[in-house]
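Modelling step: build the complete structure from the supplied sequences, incorporating the hints.
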Amino acid sequence: MRKADLVSRIAEKTDIPKVDVLMTLETFFSEVKDSISKKENVYIRGFGSFVAKKRAKKIGRNIKQNKAIVIPAHYIPAFKPAKAFVSKVKDQVAVEQEKA
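Using my numbering, you'd call the opening residue of the sequence shown number 58 and step up by one each time.
Quick caveat, the hints were computed from the structure, so don't treat them as lab data.
There's no promise every hint is true.
[As the list claims (entries may be wrong)] Derived pair list, reagent style DSBU-like, types lysine-lysine, alpha-carbon separation capped at 30 Å: (1) Lys-140 x Lys-90; (2) Lys-137 x Lys-96; (3) Lys-145 x Lys-75; (4) Lys-140 x Lys-70; (5) Lys-90 x Lys-137; (6) Lys-147 x Lys-90; (7) Lys-147 x Lys-111; (8) Lys-111 x Lys-145; (9) Lys-90 x Lys-111; (10) Lys-110 x Lys-95; (11) Lys-70 x Lys-145; (12) Lys-137 x Lys-121; (13) Lys-156 x Lys-70; (14) Lys-156 x Lys-145; (15) Lys-137 x Lys-111; (16) Lys-95 x Lys-114; (17) Lys-156 x Lys-110; (18) Lys-90 x Lys-121; (19) Lys-124 x Lys-90; (20) Lys-124 x Lys-70; (21) Lys-60 x Lys-137; (22) Lys-60 x Lys-147; (23) Lys-60 x Lys-70; (24) Lys-70 x Lys-110; (25) Lys-140 x Lys-95; (26) Lys-60 x Lys-95.
In structure tokens, the structure reads:
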């Protein structure tokens, strides 16, 4: 599913114009990005958490020059789904496997 598909589905289910749904989604994405870039985690009950994970410093290799390089410690964005989210996906997959 793409963002346009998501906007269409939400607009159909809520009778809110697509433009307003798109603006809301874009604002949500922007706020999550801003929060994570400030190392502030975003918790959405029943859905999951957007967190900034720290990666430790490590030694990498530049293959073209065949030299070891130091990759400094840095943060990356990550998503951890809530238990309710995980269990719904597991239940749905189990039902689909039983049908097959």
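Point to revise | List of violated hint numbers, smallest to largest | key: Failing hints, ascending: 12, 17, 18, 19, 20 and 24.
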